[in-house]
Amino acid sequence: MTEPNLIARAVAGDLAAQRALYDQHVDRVYRLAYRLAGDEDLARDFTQETFVRAFDRLATFRGESSLGTWLHTIGVSVALNGLRKVKRWRAREAPLDEALAVGTTVREAEPDLKRRLAEAIDALPDGYRTVFVMHDVEGYTHEEIGTALGIQSGTSKAQLFRARAKLRIALADFAGEWVS
Amino acid sequence: MTTNDHDNTLDRDEAWPVDGLDRLIASAARDYHAPPPSAAVPRDAMWAAIVAARIPAAPDAAPAVVRPAATTPVVAIASRRHDRASRRAWWGLAAAAAIFLATGVAVGRWSARPGVASGPSAASQVATTAPAVAPATHIDSTITAPTPGDRAGTTPVALPSALPARPAQVAAATARRAPRDGARRDDAYDVALEQHFAQAEALLVSYRADTLDVALDGRLAQWARPLLGDTRLLLDSPAAADPRRRRLLEDLELVLAQVARLAPAPRDSAGADSTARGDRAERQLIDGTIRHSQLLPRLRTLMPAAGSDL
Numbered sequence: 022m023t024e025p026n027l028i029a030r031a032v033a034g035d036l037a038a039q040r041a042l043y044d045q046h047v048d049r050v051y052r053l054a055y056r057l058a059g060d061e062d063l064a065r066d067f068t069q070e071t072f073v074r075a076f077d078r079l080a081t082f083r084g085e086s087s088l089g090t091w092l093h094t095i096g097v098s099v100a101l102n103g104l105r106k107v108k109r110w111r112a113r114e115a116p117l118d119e120a121l122a123v124g125t126t127v128r129e130a131e132p133d134l135k136r137r138l139a140e141a142i143d144a145l146p147d148g149y150r151t152v153f154v155m156h157d158v159e160g161y162t163h164e165e166i167g168t169a170l171g172i173q174s175g176t177s178k179a180q181l182f183r184a185r186a187k188l189r190i191a192l193a194d195f196a197g198e199w200v201s
Numbered sequence: 004m005t006t007n008d009h010d011n012t013l014d015r016d017e018a019w020p021v022d023g024l025d026r027l028i029a030s031a032a033r034d035y036h037a038p039p040p041s042a043a044v045p046r047d048a049m050w051a052a053i054v055a056a057r058i059p060a061a062p063d064a065a066p067a068v069v070r071p072a073a074t075t076p077v078v079a080i081a082s083r084r085h086d087r088a089s090r091r092a093w094w095g096l097a098a099a100a101a102i103f104l105a106t107g108v109a110v111g112r113w114s115a116r117p118g119v120a121s122g123p124s125a126a127s128q129v130a131t132t133a134p135a136v137a138p139a140t141h142i143d144s145t146i147t148a149p150t151p152g153d154r155a156g157t158t159p160v161a162l163p164s165a166l167p168a169r170p171a172q173v174a175a176a177t178a179r180r181a182p183r184d185g186a187r188r189d190d191a192y193d194v195a196l197e198q199h200f201a202q203a204e205a206l207l208v209s210y211r212a213d214t215l216d217v218a219l220d221g222r223l224a225q226w227a228r229p230l231l232g233d234t235r236l237l238l239d240s241p242a243a244a245d246p247r248r249r250r251l252l253e254d255l256e257l258v259l260a261q262v263a264r265l266a267p268a269p270r271d272s273a274g275a276d277s278t279a280r281g282d283r284a285e286r287q288l289i290d291g292t293i294r295h296s297q298l299l300p301r302l303r304t305l306m307p308a309a310g311s312d313l
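Chains as they are written, first to last, in my numbering: chain G, 22 to 201; chain C, 4 to 313.
FYI, nobody ran anything at the bench for these hints, they're computed from the structure. Keep in mind that a hint or two might mislead.
With beta-carbon atoms standing in for the labels, derived distance ranges [stated by the list, open to error]:
(1) G:Arg105 / C:Pro246: 54 to 62 Å
(2) G:Asp194 / C:Phe103: 52 to 60 Å
(3) C:Arg91 / G:Ala112: 16 to 24 Å
(4) G:Asp133 / C:Asp22: 19 to 27 Å
(5) G:Asp194 / C:Ala100: 51 to 59 Å
(6) C:Arg250 / G:Ala112: 54 to 62 Å
(7) G:Asp133 / C:Ser41: 25 to 33 Å
(8) G:Trp110 / C:Asp22: 37 to 45 Å
(9) G:Leu134 / C:Trp93: 44 to 52 Å
(10) C:Ser30 / G:Asp77: 50 to 58 Å
(11) G:Gly175 / C:Asp47: 34 to 42 Å
(12) C:Ser30 / G:Gly148: 19 to 27 Å
Beta carbons: idealized from backbone N, C-alpha and C, even for Gly.
Here chain G stands alone, though its shape is the one from the complex (with noise of 0.2 Å):
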């Protein structure tokens, strides 16, 4: 069965279609959010809420672009708006593990290029994170990018661009050790 024929079901309220809808594209959705969020939970609850909202809507989907961007401009939109809100909630909570290390002195390895790079991606404006983790960690387009994001396709290079000159900034230090 065709995508347009499930999506019309689907529309119709066939439980069975949008289930068929939800396999073909829920790893993707799932893997995105995943990367956003860094938390399998918050994964989660942003692809669950992602295919209630995109099944709630189904009906405005006028097929301009593929079902597949279009879920993933509703995805986007749904893990920055849940991140910001998390985000919020972390401010104002201080972390356990943090309270517990007040007054106590940690001697810790130099830390590694994976988790300074993380650091440096997590530290990066929600835009530029959000290009970079799509196009150079999940491979998106910057044509998916603008569609999903809503922006040109040029802003979505001009910000790839600027992330990667932070992270290079970021990581300086190791630029050295790569050339040595």
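Here the structure of chain G is known, so what remains is to put chain C in place on it, guided by the hints.
This is chain C only, laid out in the frame that chain G set:
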């Protein structure tokens, strides 16, 4: 961004990674928030939650056959939404309560600002804490009681035959006013102050009419003592917040203290002359103070014409 910048961006995008560091970043970035393998994606659990969340929207939809795996508990989105809604309702109630409390506190602070009486019992406190006066039986019953309207210096000497009723007058006046205007507690102080000024004026007029009558001096001193106590109480009350009233009360306190010291002359003949000389000097001092501070005109100025209706 300029066109050149944009072109450079495009070039760099196509050429990336350009050096070892870029390659390092590109390779390490693949592990950034690495998702679980495809087989580990909790598809069924999420599907069950999605269907559960959409049941209210689609009641005729067939129930989901798939159930969440026991090992992967999923919180239904519908119940989360319900929780969120009820949490919002609680926040709304809490905000309303906070606004209500803040309004109450603001009104309280406004009504307790300087210059406004701090309690409904202020006037009654002035009335009830005033020093006790001598019983009326010790006072000449033929002398009329002073009234606020009695201001002429030529009136018969006004002595405190009605003094025991003074606190009652103040309290009654306060009671008449307070229920009518409960929020404005300063009215109680105004009433007490007007009554007090009227009494003080009557006393001073009586004093000026007194021509070295030793017996009358004793009665004036007796009359001045409770008034002196009231003056000091009023000086410590919000009624004295107004600088004009405060200065007047301070001057009045001085004069009343001097009048209160006009003790009855001893009956022995030995010290009669010296006592009379002392009284004369004391009187000159009091007269000088009254004149110098223009006490009577100031008292009459500060007493409103409507004060007589109290």
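Structure-based check of all given hints:
no.: 1; hint: G:Arg105 / C:Pro246: 54 to 62 Å; verdict: holds, 58 Å
no.: 2; hint: G:Asp194 / C:Phe103: 52 to 60 Å; verdict: holds, 58 Å
no.: 3; hint: C:Arg91 / G:Ala112: 16 to 24 Å; verdict: holds, 20 Å
no.: 4; hint: G:Asp133 / C:Asp22: 19 to 27 Å; verdict: holds, 20 Å
no.: 5; hint: G:Asp194 / C:Ala100: 51 to 59 Å; verdict: holds, 54 Å
no.: 6; hint: C:Arg250 / G:Ala112: 54 to 62 Å; verdict: holds, 58 Å
no.: 7; hint: G:Asp133 / C:Ser41: 25 to 33 Å; verdict: holds, 27 Å
no.: 8; hint: G:Trp110 / C:Asp22: 37 to 45 Å; verdict: holds, 40 Å
no.: 9; hint: G:Leu134 / C:Trp93: 44 to 52 Å; verdict: holds, 47 Å
no.: 10; hint: C:Ser30 / G:Asp77: 50 to 58 Å; verdict: violated, 40 Å
no.: 11; hint: G:Gly175 / C:Asp47: 34 to 42 Å; verdict: holds, 41 Å
no.: 12; hint: C:Ser30 / G:Gly148: 19 to 27 Å; verdict: holds, 24 Å
This entry does not satisfy hint 10, going by the numbered hints stated previously; all others are met.
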